[in-house]
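S.K.: What follows is each chain in one-letter form.
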Amino acid sequence: MKESVIKTEKLTKRFGDFVAVNEISFEVFKGEVFGFLGANGAGKTTAMRMLCGLSVPSSGIATVAGFDVFKQTENIKRNIGYMSQKFSLYEDLTVLENIRFFGGIYGLSDKQLKEKSSELVLTLGLQNETKKLVGALPLGWKQKLAFSVAIIHQPKIVFLDEPTGGVDPVTRRQFWDLIYEAANSGITIFVTTHYMDEAEYCNRVSMMVDGSIKALDSPSNLKKQFSATSMDEVFFELARGAKRGE
Amino acid sequence: MRTIRLLLEKEFRQIFRNKALLPMIFVMPLIQLVVLPLAADYEVKNISISVVDHDHSTYSHKLISSITSSGYFKLIGYTNSYPEAIHLVELDKADLVLEVPSGFEKNLVRENEQKLFIAVNAINGVKASLGGAYLNKIIANFNADIRLQLIQPSRNNATPVIEVVSSNWFNPFMNYKFFIVPGILAILVTMVGGYMCALNIVKEKEIGTIEQINVTPIKKIHFILGKLIPFWIIGIFVFTVGLVVVSRLIYGIVPMGNIVLLYSFLSIYLVALLGFGLLVSTYSETQQQAISVAFFFVMIFILMSGLFTSIDSMPGWAKIIAQLNPVTYFIEVMRMIVLKGSSFKDIKWHFVIVTIFAFVLNGWAILNYKKTT
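As given, the protein sequences belong to chains F and P, one line each in that order.
For the first sequence, our numbering begins at 21 and goes up steadily by one.
For the second sequence, our numbering begins at 12 and goes up steadily by one.
There may be inaccurate statements among the hints.
[Said to hold, decoys possible] In silico DSSO-like cross-links for lysine-lysine, where the CA-CA straight-line distance does not exceed 30 Å:
no. : chain 1 : residue 1 : chain 2 : residue 2
1   : P       : Lys85     : F       : Lys106
2   : P       : Lys330    : P       : Lys214
3   : P       : Lys56     : F       : Lys136
4   : P       : Lys231    : F       : Lys136
5   : F       : Lys136    : P       : Lys216
[As the list claims (entries may be wrong)] A few chain P residues that don't get close to chain F, going by computed Cβ distances all over 12 Å:
no. : residue
6   : Gly219
7   : Lys230
8   : Lys330
These are computed hints drawn from the structure, not numbers from a lab.
Every value quoted in this text rests on a predicted model; they were computed, and no experiment measured them.
Beta carbons: idealized from backbone N, C-alpha and C, even for Gly.
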């Protein structure tokens, strides 16, 4: 049987009267690429922040990497990687300094850091940019670097919040190659996106509308279920009823 | 330990790469310490005086010349009528009007008594009251001189006179700079420490890197120490440059007391101050907010610290505010150790209070700093 790495039951987050995330229940399995879709304001980021231990849920149950999101957030943090919507490496540090800093705080030794750095620089083709400040890199490279740094400690799960926003199609493709590579090495991928072609790359996707999960299955099953030809159509079908939005 | 080392490494790299921050930390305080004490001087000079002389006698001329030669007054009008003189005040050209009545010399010699009239422009309170006081003193001296010339005091029949002779302890020449430089140095350390620390953390909030930190296993206390230690070191550095380079070389102020004692106090004070910066940062989401809040407090800290005005002469409620102000204690300690050479016994309560500040401010900030929302 597949091992589940994220499990939620009626997970809810309220801000005053506003229910940002409304009783969502789902499971994510080890090694899966899990797409977490939804329109703007549907509650994706809030849900993700709860799973990462950045935000305390209002009610419900959830475990991430086997740890409770209420009580064991520090354990969760040791076992996950996170890449936020905002680019969040230090732009005033160089490529190598960022790798060293983030790798270091996840407990990588100096020797491991050295190995990882050269390996990472090689895969990303950043050999000539290692001494450059990250702020000077093009966005696509920044995003790939941020992803590589987010999984530098081989976490059980990596959370990606719209990782390819504003990136050109070629770079997006390369980015997804990196995601698959990570998934093959056993890292579970939890990704939000607005690109429906990217949704097709996922093993399973969930659709969030107004704080609730309205559908959850593999892209092919979803298309069958909604008798649609593409994920775009599925998305329209579901998101049309949304009351919230920006 | 490794985490803290990594954090410090990162902070120092960022600080030394920040082209806007470096001059703020290293150059601005020094310039201010060189410039401010020269300008922020209590001694009032260049008081413009307009004299109405109805007498035109030797004595009235003597009086006027002793006023102008005192170095405090500038004679800007010598008129024949009071309305002319007061018009100069109205035009803001004169600060003081001295009216010498006709028959000044005659009455002084014959009747041994004469009244003079002084009108003071009270718009600038300090200039007015000090100018009036200086003028009174000059006239009193002039009076004493005249009396000595006129009346040969007989040995037995001398009028008893009480003369007060004062000596200025700890600052024998009443050099105003001795008083103000240690105070300004205290303020500068306060500003550099308080602002930089608050801004640095809020900047990470603004650009979103703090979220990346919050999702790592870095402990809250490690992150905070990683922020406090660099600015603590910078605070000590700025203070040292101010004390050695500016105070000593430029103003010739050599601390009378124990340097180790001074630095011990500074160390604790900086912890309290950085705690304040940290606290501000936990309540602010943007650098603008942080700057506004910090500015509000630093303003009060400075004006109510006894730097420019004596705390003893403040009303009761203001004294309470001054006592809740950490800067007050630092300025007092600076003056006590640097000018007076006070020992630990004299400032032990200052130590206790500033330690309490350090615990309260940092404790509050740590409680309020949350990795999760």
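S.K.: Say whether it holds or is violated: Lys330(P) keeps its Cβ farther than 12 Å from all Cβ of chain F.
M.R.: Consistent with the label, Lys330(P) stays out of reach of chain F, its closest Cβ about 43 Å off (over 12 Å).
S.K.: Evaluate the condition: distance from the CB of Lys230(P) to the nearest CB of chain F exceeds 12 Å.
M.R.: At roughly 8 Å from the nearest Cβ of chain F, Lys230(P) sits no farther out than 12 Å, so the non-interface label is violated.
S.K.: Is the hinted pair Lys136(F) and Lys216(P) satisfied, with a Cα-Cα distance of at most 30 Å?
M.R.: holds (28 Å)
S.K.: Taken at face value, is the distance from the CA of Lys214(P) to the CA of Lys330(P) at most 30 Å?
M.R.: Given that 30 Å is the threshold and the Cα spacing comes to 35 Å, the pair is violated.
S.K.: Grab the minimum beta-carbon distance between Gly219(P) and chain F and tell me whether it stays above 12 Å.
M.R.: violated (3 Å)
S.K.: Given the proposed pairing of Lys56(P) with Lys136(F), does the C-alpha separation stay at or below 30 Å?
M.R.: Distance ~70 Å between Lys56(P) and Lys136(F) Cα, so the pair is violated.
S.K.: Please verify whether Lys231(P) and Lys136(F) have alpha carbons no more than 30 Å apart.
M.R.: holds (27 Å)
S.K.: With the threshold set at 30 Å, check whether the alpha-carbon distance from Lys85(P) to Lys106(F) stays at or below it.
M.R.: violated (65 Å)
Violated hints, listed in ascending order, are 1, 2, 3, 6, 7; each of the other numbered hints is respected by the structure.
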